[in-house]
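Protein chains in written order, with the working numbering: chain A, 1 to 138; chain B, 1001 to 1187.
There may be inaccurate statements among the hints.
[To be verified] EDC-like mimics (lysine to aspartate or glutamate), calculated; alpha carbons at most 16 Å apart, straight line:
{"no.": "1", "chain 1": "B", "residue 1": "Lys1024", "chain 2": "B", "residue 2": "Asp1003"}
{"no.": "2", "chain 1": "B", "residue 1": "Lys1054", "chain 2": "B", "residue 2": "Glu1027"}
{"no.": "3", "chain 1": "B", "residue 1": "Lys1163", "chain 2": "A", "residue 2": "Glu6"}
{"no.": "4", "chain 1": "A", "residue 1": "Lys36", "chain 2": "B", "residue 2": "Asp1128"}
{"no.": "5", "chain 1": "B", "residue 1": "Lys1163", "chain 2": "A", "residue 2": "Glu13"}
{"no.": "6", "chain 1": "A", "residue 1": "Lys37", "chain 2": "B", "residue 2": "Asp1120"}
{"no.": "7", "chain 1": "B", "residue 1": "Lys1024", "chain 2": "A", "residue 2": "Asp42"}
{"no.": "8", "chain 1": "B", "residue 1": "Lys1039", "chain 2": "A", "residue 2": "Asp42"}
{"no.": "9", "chain 1": "B", "residue 1": "Lys1024", "chain 2": "A", "residue 2": "Glu49"}
{"no.": "10", "chain 1": "B", "residue 1": "Lys1163", "chain 2": "A", "residue 2": "Glu7"}
Read the hints as simulated data drawn from the structure, not as lab findings.
Quick caveat: nothing in here was measured; it's all calculated off a predicted structure.
Okay, here's what each chain looks like letter by letter:
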Amino acid sequence: MNRYEEEMQENLEKGRIPGGEELDVKAYQAVFRALKKDPDSDLPPDFAERVVARVISGQKSKYSRDYLWFGAGILFLAISLIGTILYTGFKFDLGFDLGFLNVMSDYKGLVAFGVVFIALLNWLDKKLIREKQFDHKV
Amino acid sequence: MTDDRTLVSRVLAGDMQAFALLIKQHERLVVHMIGRVIKNEEDREEVCQDVFLKVHGKLSEFSFQSKLSTWIATIAYRQAINHLRKRKMLFSDIPDEEAFTKRFVEESNPETVAEEKDMDDFILKLADQLPPQYKLVLTLFHVDGMHYPEIAEVTKMPEGTVKNYLFRARNLLKEKVKMYLGKEELL
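So that you can see chain A by itself, here it is in the shape it has in the complex (with noise of 0.2 Å):
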């Protein structure tokens, strides 16, 4: 395109009269008038309500998801305990032996500190990775 045509056009964007051949003029004029009108494509009136039943609708269906996975994993959970049991021959001893808790009482320190320490790391997960991340999303 050249110089010429393009000077008309950025006339017309200013809303100033362009110079030039007057069939030319009379065209570009016409055609910034036609484009300017809105197209002929409405919504209807309740489009917003049916997008927002859609929404609900979709949320609800995702609840009884998670709802689903949640109740099969508590009875894989469960079928691998009775599972194991069965397989190791594991006997239940109702006396007050904790195991690896009777070891782990002489560690209090490094229990204390394993415990701070997760928390530490979830609060700068939270402060710095997942805040980041959002701000730089649009």
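Mind docking chain B on chain A? Use the hints.
Chain B only, in chain A's frame:
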């Protein structure tokens, strides 16, 4: 009118009335963009709904680095492209300049203007025959009043390309109208 920040925080808090308000404030912008490339009424409404579902799903990622309307327009633009791709309409290919200009300006019949109510309708019908990229930038500039940088942000095209598409599209329409006006003057 509720400001964008308040509206967004209300929607994120789960307020569905606020979301309905957000839709009402932006549905015109979305239907302009989608309506330019999708002519079937049912498809058009469905794609517009999909745009707002996406807006709702991604709203927590919006960080006010641009206007809310620009961000929603970006989603609408992507959705329009995806729809065209699904329908196997080539979106990325702009037709060869010389061949397309020749076909567009010379081959179709300018007498069809007589069937239209007026010159504006004739020009809008012509605009419908342009490639989708041209139609979308024309709509964003002329109907939605966006400037080049904003259109570039929505379409993710360089500002120079946006300007080029806009100028070329208007030039094609002008050539066609000029042909018709020339014939009319001879009569």
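Task: Ascending list of hint numbers which this structure does not respect - done: Violated hints: none; all satisfied.
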